[in-house]
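Number of protein chains: 2
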Amino acid sequence: MIKIAVLGYGTVGSGVVEVIQTNHRSINIKAADEIEIKYVLDLRDFPGDPVQEKVVHDFDVIEADPEIRIVVETMGGLHPAYEFTKRALLAGKSVCTSNKELVAAYGTELLQIARDRELNYMFEASCGGGIPIIRPLNSSLTADEIDEITGILNGTTNYILTKMAVDGSDFDEALREAQQNGYAERNPEADIEGYDACRKIAILSSLAYGSHVSYQDIYTEGITKITSADIKYAQTIGASIKLLATSRKVGDEFYAMVSPVMINASNPLYSVQGVFNAIFIHGNVLGDAMFYGSGAGKLPTASAVVADVVDCAKHLDRNVRFEWSDQQLELMPVGRVRNRFFVRVAGTMAAEMQKIRSIFGEVETVSVPGLSGEFAFITEKMPESEFQDGISQLDGVRSTIRVRF
Amino acid sequence: MIKIAVLGYGTVGSGVVEVIQTNHRSINIKAADEIEIKYVLDLRDFPGDPVQEKVVHDFDVIEADPEIRIVVETMGGLHPAYEFTKRALLAGKSVCTSNKELVAAYGTELLQIARDRELNYMFEASCGGGIPIIRPLNSSLTADEIDEITGILNGTTNYILTKMAVDGSDFDEALREAQQNGYAERNPEADIEGYDACRKIAILSSLAYGSHVSYQDIYTEGITKITSADIKYAQTIGASIKLLATSRKVGDEFYAMVSPVMINASNPLYSVQGVFNAIFIHGNVLGDAMFYGSGAGKLPTASAVVADVVDCAKHLDRNVRFEWSDQQLELMPVGRVRNRFFVRVAGTMAAEMQKIRSIFGEVETVSVPGLSGEFAFITEKMPESEFQDGISQLDGVRSTIRVRF
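The listed protein sequences derive, respectively, from chains X and Y. Just so we're aligned, residue 16 is where the first sequence starts under the numbering used here, counting upward by one. Just so we're aligned, residue 16 is where the second sequence starts under the numbering used here, counting upward by one.
Each hint should be verified, as a subset may be incorrect.
Same chains, same label: a pair holds when it works inside one copy or across any pair of copies.
[As the list claims (entries may be wrong)] 30 Å max Cα-Cα, derived DSS-like pairs, lysine-lysine:
(1) K329 to K264
(2) K329 to K101
(3) K264 to K53
(4) K18 to K69
(5) K264 to K313
(6) K101 to K264
(7) K247 to K329
(8) K53 to K313
(9) K370 to K247
(10) K329 to K53
(11) K329 to K18
(12) K264 to K247
(13) K69 to K313
(14) K329 to K370
(15) K101 to K69
(16) K396 to K240
(17) K240 to K329
(18) K329 to K313
Honestly, the hints are just simulated from the structure, not real lab data.
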């Protein structure tokens with residue numbers, strides 16, 4: 016019997032309890048032991064709930080109980096999740112978490128504490144919800160040197176962008192609908208500004224490249240400026256707009272970036288719709304691979320957390336090594352990153368193209384029937400700084416979006 | 016230093032040598048030890064090749080050398096691969112393989128020998144080439160009860176079907192082109208008749224459901240009867256034809272089947288093109304997930320084999336448990352499996368529909384501009400046996416293909 020404690024009985028925490036109850040038979044077989052939830056830590060009581068007898072309000076109880084071998088942290092936020100995680104590890108308990116904010120900020124330290132004590136700190140659910148990606152990166156893609164990770168890592172923004180593309184709705188409208196359907200929070204900033212995706216690509220990149228990528232170093236741009244007109248242009252050229260979180264090795268350097276990007280059907284991420292997430296990976300011998308699934312939601316996320324619990328149960332007193340050193344990975348300045356850019360401008364091609372060509376050289380042009388008084392062009396690949404210089408010389412710019420095809 | 020031997024210096028075997036050379040630095044970090052290839056077993060000599068000094072012709076040398084801890088079996092075929100694998104395990108060496116034929120036929124026995132001796136028998140490359148799927152199934156999807164696996168598991172057939180769809184070419188023509196481009200073997204039977212996909216779905220199903228699925232029990236139908244006309248009908252209804260290998264839990268029963276299936280854009284497998292493979296999995300708490308990548312090819316397959324070598328190196332003298340018991344999983348008789356069916360018939364709707372409706376009830380009809388003197392209909396879901404009964408009463412049937420939407 017392995018006794019565990021769940022910190023936080025919110026969406027994911029209650030999902031963890033439900034998954035362990037629903038699949039207890041098969042989970043116990045795979046863990047080669049019986050997993051029992053002894054405590055649920057929450058500020059609230061849950062009278063009438065099956066866990067009511069297990070609820071405690073004081074972390075000390077869990078910390079002091081030597082029977083607890085695994086702690087599930089599904090509280091979210093940095094504090095007190097960080098303090099509780101650290102105390103749990105120092106008390107000899109392994110910790111599984113869905114908390115990307117905490118992993119991105121304190122992952123190296125917590126992994127080191129776990130390693131020093133032959134314990135485990137696991138965080139499969141922190142990226143891509145239920146999609147198995149952390150463990151495959153760490154223990155399957157070991158023959159490769161990974162040179163790209165590009166993901167649709169945030170279900171809320173992908174839902175909004177899909178809605179806008181399907182219904183022709185505007186951003187505000189699609190956001191409201193996402194909120195009504197429970198796909199966006201009342202304060203949606205972390206999702207729509209790309210902060211959530213930024214933390215996830217920081218975690219994935221740290222694991223893939225073996226050195227710590229600070230999320231603060233990652234250029235991050237959300238989807239709030241995307242309009243229904245932008246989407247019409249994208250559709251005209253057979254593209255969709257996705258919030259991509261990407262990191263790439265270019266020569267001996269790395270860059271990382273979160274931003275809306277136009278992609279077309281040649282990209283396996285093109286058909287990832289709604290709240291689904293997907294992570295594309297390129298390895299130097301593997302070539303292309305993609306992992307797709309439910310990027311959020313109570314049960315899919317809980318599925319990933321419980322898979323970590325099973326792995327911790329199979330590795331009590333034995334650290335599963337993660338190649339994530341505290342050595343900092345220096346990222347290339349964003350100005351030197353090369354991209355193609357889509358630019359929407361007011362005016363007519365007849366009047367504007369000469370100036371545009373004089374600044375950007377050869378460009379493709381796009382116009383959308385029904386959108387008059389404006390058009391768009393797509394540049395060749397150029398450094399971001401050069402593009403910014405160019406665009407500052409142009410009047411009437413309505414939007415700029417990176418293009419990857 | 017961990018010394019290994021590679022059995023068979025063909026496509027995959029030479030890929031393994033290449034991958035270990037190319038990425039030796041990162042591989043040694045992840046294995047936490049230095050991996051060195053001591054022997055390459057082959058009937059041939061390779062003068063001038065970097066491995067020429069390592070080539071041996073007699074397996075006894077490898078078996079008798081206590082320095083060899085890991086054996087890579089990339090010979091293919093059942094014999095002598097089976098005998099060598101067994102002897103290697105009995106001599107205390109872990110074995111990694113890409114040999115799906117061997118794993119499907121003798122997997123349970125070889126896993127048991129490995130388990131009894133705290134060794135490992137690993138076979139990530141046996142299904143889906145470079146796509147990490149065996150290890151995720153075994154160690155990531157542990158919180159779930161899996162109730163469906165459906166894969167495009169054979170790159171050759173997917174290349175042929177993609178070619179036919181893109182170019183409008185006929186099967187024979189597309190097969191010839193696949194052979195010219197090295198995507199199909201001179202004797203293509205194992206691929207085009209679905210035997211290869213059959214073994215792979217047997218392996219994946221055994222792992223997912225924990226009981227042994229015999230590949231001999233799986234209804235298997237290849238793609239040789241698919242015509243360019245069938246593909247035109249599929250395109251008319253927004254579908255593509257894929258060779259799907261599938262196994263599903265229905266109530267308390269399981270079925271497994273390999274056959275061409277029409278799927279549409281709502282299926283994540285729809286956009287898997289050319290030699291790429293993908294495996295869709297549904298778990299009772301995870302929901303939908305898909306794994307996509309290079310299903311074959313020298314380096315992608317070698318990437319998966321070497322990932323197994325790394326895992327074996329991390330688990331010397333410690334068995335990584337696989338839930339694949341020798342208890343047989345009884346499959347539902349194929350006649351009771353329920354599917355929708357597409358049927359192409361000679362004649363006109365005016366003349367034939369009354370009879371068709373009297374046999375099959377309500378059906379959808381499809382006709383393709385330019386294909387005169389014939390049309391098609393799609394049935395509702397019905398048991399396979401009932402469909403076969405019905406179809407035997409109908410004249411002029413040109414093709415029948417399962418439909419999944």
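Hint by hint, work out which the structure violates, then give me just those numbers in ascending order. 3, 6, 7, 12, 14 and 17
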